[in-house]
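Protein chains: 2
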Amino acid sequence: MLPESITALISALNKLPGIGPRSAERIALHIVQADSVAVKQLAETMLQAREKIRFCTTCGALTEKSPCSICTDTRRDASLVCVVEHAVDILSIEKSGTYRGKFHVLGGNISPLDGIEPEDLRIAELEKRLTREFIKEVIIALGTDVEGDATSHYLAKRLARKGLKITRIAYGLPAGSGLEFADELTLSRALEGRREMN
Amino acid sequence: MLPESITALISALNKLPGIGPRSAERIALHIVQADSVAVKQLAETMLQAREKIRFCTTCGALTEKSPCSICTDTRRDASLVCVVEHAVDILSIEKSGTYRGKFHVLGGNISPLDGIEPEDLRIAELEKRLTREFIKEVIIALGTDVEGDATSHYLAKRLARKGLKITRIAYGLPAGSGLEFADELTLSRALEGRREMN
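Chains as they are written, first to last, in this note's numbering: chain X, 2 to 199; chain G, 2 to 199.
Check before you lean on any hint, since a few could be wrong.
Identical copies look the same in the list; a pair holds intra-copy or inter-copy alike.
[Stated by the list, open to error] Distance condition first, Cα-Cα at most 30 Å in a straight line; then the derived DSSO-like pairs of lysine-lysine: (1) K96 / K16; (2) K41 / K53; (3) K96 / K66; (4) K16 / K41; (5) K16 / K66; (6) K96 / K129; (7) K53 / K16.
Hints were generated in silico from the structure; no laboratory data involved.
Chain X extracted, bound-state conformation (with noise of 0.2 Å):
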């Protein structure tokens, strides 16, 4: 019933991360009556951005020059590296505005299952990283799933060196929340977890 072109143009965005069919279909209808050159800046801005961005050749974040305005930055603190699964997580940390030290991204968790071998992760990159900067502690910050777990327990392992530090970000209740909505799993890191009150 609706022209080919809206058809199209909803199943394309349906194709993004969080849209549904329904809001596929409100934002294309949206798109086809709105302003003809609002509709070519969004599509200019699309491709701009797709185009600019890269990865930075030193620790992965999204940028667009590398290295990136983080690994640049000389106002960090050199001596900590903040290990993370994707380059969107760079965000998060950096959102919560208390990690003023640098980062490396792994681009995925190892998961045999997946086929993803730790060779597939920027792990060689780190490992190089820490003979040419002066890296004093490494903080994992993988997610807390079986995946997140074996990579961060191998990464331990094959980091350890001498004089580095290699740490895990904590686990436990989320901020905010109560008890009743806990898992059984986070309650017992939660648990493990616990530091004394002074």
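Chain X is fixed; fit chain G onto it per the hints.
Chain G in isolation, oriented as in the chain X frame:
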């Protein structure tokens, strides 16, 4: 902190209906890391859709060629015209699958506060159709808000002529909903619109 081209994309996406800042960010980060060919295709589909889609000169529907496929469909009942506010409303009615007549898009509701007067709507076009086409019934399917009510009554008065039936779609309890979710106005309309059960 984020590269300029990503922030620009986030704010452009944020302007689309139903896309808040969080999902705009998520989509933007997906786009800059997506396959370059796929991003070009999405941008192209968007531009194509905007370029091809126009309003049907007869009924006001969204279409690639005017008159639209509904206006030219001889299997549809040309004696019935359903008046809707927006072109997208046609889609909702078509999805219900019960209507087989024609449509007429008004383009809005009368709203003096917003500066929308009867002459800003496609009422004159509807009057022209009433003289040219063999229309026996005009079904008014506007919203139940103040503007929708006012416009419906205005239309009923202005279009009144011998041999033309003017109806308004029924308002009442939505399907699958209980009395406890209905506001007073909906309930009073549902009572007013009660029908005999045979």
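Output the indices of the hints that this structure fails to meet, ascending.
none
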